Structures are given as C-alpha cells and as structure tokens.
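K.L.:
Our numbering puts the first residue of the sequence shown at 123, with every later residue one more than the last.
Bear in mind the hints are in silico, worked out from the structure with no lab data behind them.
Owing to the predicted nature of the structure, the values given are computational and were not obtained by experimental measurement.
Note that CB positions come from ideal geometry on N, CA and C, so glycine has one too.
Honestly, I wouldn't trust all of these hints.
Said to hold, decoys possible - With a straight-line cut-off of 20 Å between C-alpha atoms, the simulated SDA-like cross-links for lysine to any residue are:
| hint | residue 1 | residue 2 |
| --- | --- | --- |
| 1 | Lys124 | Pro309 |
| 2 | Lys124 | Gly348 |
| 3 | Lys124 | Pro374 |
| 4 | Lys124 | Glu142 |
| 5 | Lys124 | Ala322 |
| 6 | Lys124 | Ala172 |
| 7 | Lys124 | Leu383 |
To be verified - Ranges of calculated distance between the beta carbons of each label pair, as one might list FRET restraints:
| hint | residue 1 | residue 2 | range |
| --- | --- | --- | --- |
| 8 | Tyr191 | Pro232 | 35 to 43 Å |
| 9 | Asp324 | Gly373 | 23 to 31 Å |
| 10 | Gln370 | Gly198 | 15 to 23 Å |
| 11 | Glu159 | Ala179 | 22 to 30 Å |
| 12 | Arg346 | Glu377 | 21 to 29 Å |
| 13 | Lys124 | Ala180 | 29 to 37 Å |
| 14 | Ala369 | Pro278 | 37 to 45 Å |
| 15 | Glu323 | Pro167 | 37 to 45 Å |
| 16 | Val175 | Pro374 | 28 to 36 Å |
| 17 | Ala246 | Ala301 | 29 to 37 Å |
| 18 | Leu325 | Gly134 | 35 to 43 Å |
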Amino acid sequence: MKLAFSTLGVPGMSVEDVVELARACGYDGVELRAHPEEPVHPHSPTGRRAEVVAAFAAAGLGIAAVAGYARAAAPGPDEPILAELTDLVRLAGDLGAPSVRVFPGGAEQPAEEADATAARRLGAIAPLAADAGVRVLLETHDSHRRAQDAVRVLGPVGHGSVGAVWDVLHTWLGGEDPAGSFAPLAPHLGYVQVKDVASAEDLAPLPLGSGVLPLGACVGALTRGGWDGWISWEYEKRWHPEAADFAQLAGPGREYLSGLLAAAPRGT
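Throw the hints in and build the complete structure from the sequences for me.
P.N.:
The structure is reproduced here in structure tokens:
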C-alpha cells in the first residue's frame, strides 16, 4: 500500500512546501484538497496545473486523489452538481490523479430519495471519468456515513469509474467495525482515509495511534482482503486550528502507519 497525507492538515502551505514535507517524511504522495482557498482547485488555470504536476514529478511523489466538495445526493437540480463533478474530474485528469473524492450530502431527505439522486448523478458523470482515467469516489460521510449506506448508491451505479472512499472515522461513528465496513466496500474501494480522535464527542485531530479509532483493525482488514491502494492521513487541522502542527507529526505518523502495515496479517 502507498501512504499519503491530506492537505487539509497543512492549511496555507504552498504546493512546493507540501511536496517537500511529504518527501522529507517518506510519504508516497499527497491527497490534494480541491477547495478555492487551496493553491490548486477546479478553477486553476492550465499553467498552474502543469506546475503542480511538475513539482510532484520532480520529487518522485504521486497525487493520491483530488478531494472535492461536490455533494452527489444534495437536494435540488442535477445541473449544478454535474457541472461541479465535471470540473473536478477534469482537474484530476490534468493532475494525473487517479480519483476524485465527493460527499453524499443527502441532508434530511428520505434515504431512498437521496440514494436515487446520488446514483443518477454519479452514473451520469461515469463516462467522462472513464475517458479521463479518473474514478469518482463517494466518501463514507454525513448522510451515508456507513459502508452499508454508501453501497446502496454504488451498487445501482454499477460502473468501474465510480467507487468509494472509506473514511474510517465515519464508519466507526456509524457503529460499524472495520471488518464489517471493508467487506461491502471492497469491490468499490478507491482509497482509505485514516485519522484519530479522543472520542465520539471530541473529534479534534490527534496523532495517529493516540486516540480511540481501531486503526490496526482497519489495516488488518485491508491486508487480509488483499487490498492494495492509497491510505491517506486526513488530519483536520483546517477545522481545528488549535490542534498540534501537522508538520511535527507527519514523520511519526508515517512511521506508525508503516508499522501497522508491517505487522498486519496477510491472506484470509
């Protein structure tokens, strides 16, 4: 498996500094948050996109994913959501990223309605994603935080260019154990987001291994299942400015994940 971190943990840092931090700490790549406040986003010009690609290539690093903010199940007309998805897919294609993260965002709609809306929109964007060599990945989050919620959408889509991001915090908050989350997600899984927190009531980010999330069990489920992809540490410094500086935690965090991978069981 390949290890990355999300730029959500380093708000305000330039792409060049992010690349240097990842290289210095031994990561394989970076998950780029695609928000307008970031150095590269869906409205960035072609030249800026090329500069980002060149910076990562020069360091021998990959762009693990483009973390977008489109909400596939959001109430309202399809057209604005499809336009946002289109922009994200094109950005990922230009950057050479294998995937785009999107949220469910079903709000208070009935589950059946939210599922159908998300499936329709993701199915509509799938051909463009396939042409761009990109997968659009629905994160286990908000209205669809459990694996079983996400696969209600992904099953009907039935397209290889649409899949899932496993955010281990949200499946845990939804009451699933790691094995129970991995099994339904496995056919769809694009990458995994890990993090750690003190409790279900205190979600401020902690160094990996110092909180309550079952990270060893998550990695064990992945290795036993023979899954091989990106694991990205999403340290939510952007939402918790009081949290410790990620740059000081990045190296130990990479070592922690490497240790979990080395100790994890293989096979069934």
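K.L.:
Each hint should be assessed against the structure and marked as holding or not.
P.N.:
We went through each hint and held it up to the structure:
no.: 1; hint: Lys124 with Pro309; result: holds, 19 Å
no.: 2; hint: Lys124 with Gly348; result: holds, 14 Å
no.: 3; hint: Lys124 with Pro374; result: holds, 16 Å
no.: 4; hint: Lys124 with Glu142; result: holds, 17 Å
no.: 5; hint: Lys124 with Ala322; result: violated, 28 Å
no.: 6; hint: Lys124 with Ala172; result: violated, 23 Å
no.: 7; hint: Lys124 with Leu383; result: holds, 10 Å
no.: 8; hint: Tyr191 with Pro232: 35 to 43 Å; result: violated, 23 Å
no.: 9; hint: Asp324 with Gly373: 23 to 31 Å; result: holds, 25 Å
no.: 10; hint: Gln370 with Gly198: 15 to 23 Å; result: violated, 42 Å
no.: 11; hint: Glu159 with Ala179: 22 to 30 Å; result: holds, 25 Å
no.: 12; hint: Arg346 with Glu377: 21 to 29 Å; result: holds, 22 Å
no.: 13; hint: Lys124 with Ala180: 29 to 37 Å; result: violated, 18 Å
no.: 14; hint: Ala369 with Pro278: 37 to 45 Å; result: holds, 42 Å
no.: 15; hint: Glu323 with Pro167: 37 to 45 Å; result: holds, 43 Å
no.: 16; hint: Val175 with Pro374: 28 to 36 Å; result: holds, 29 Å
no.: 17; hint: Ala246 with Ala301: 29 to 37 Å; result: holds, 33 Å
no.: 18; hint: Leu325 with Gly134: 35 to 43 Å; result: violated, 22 Å
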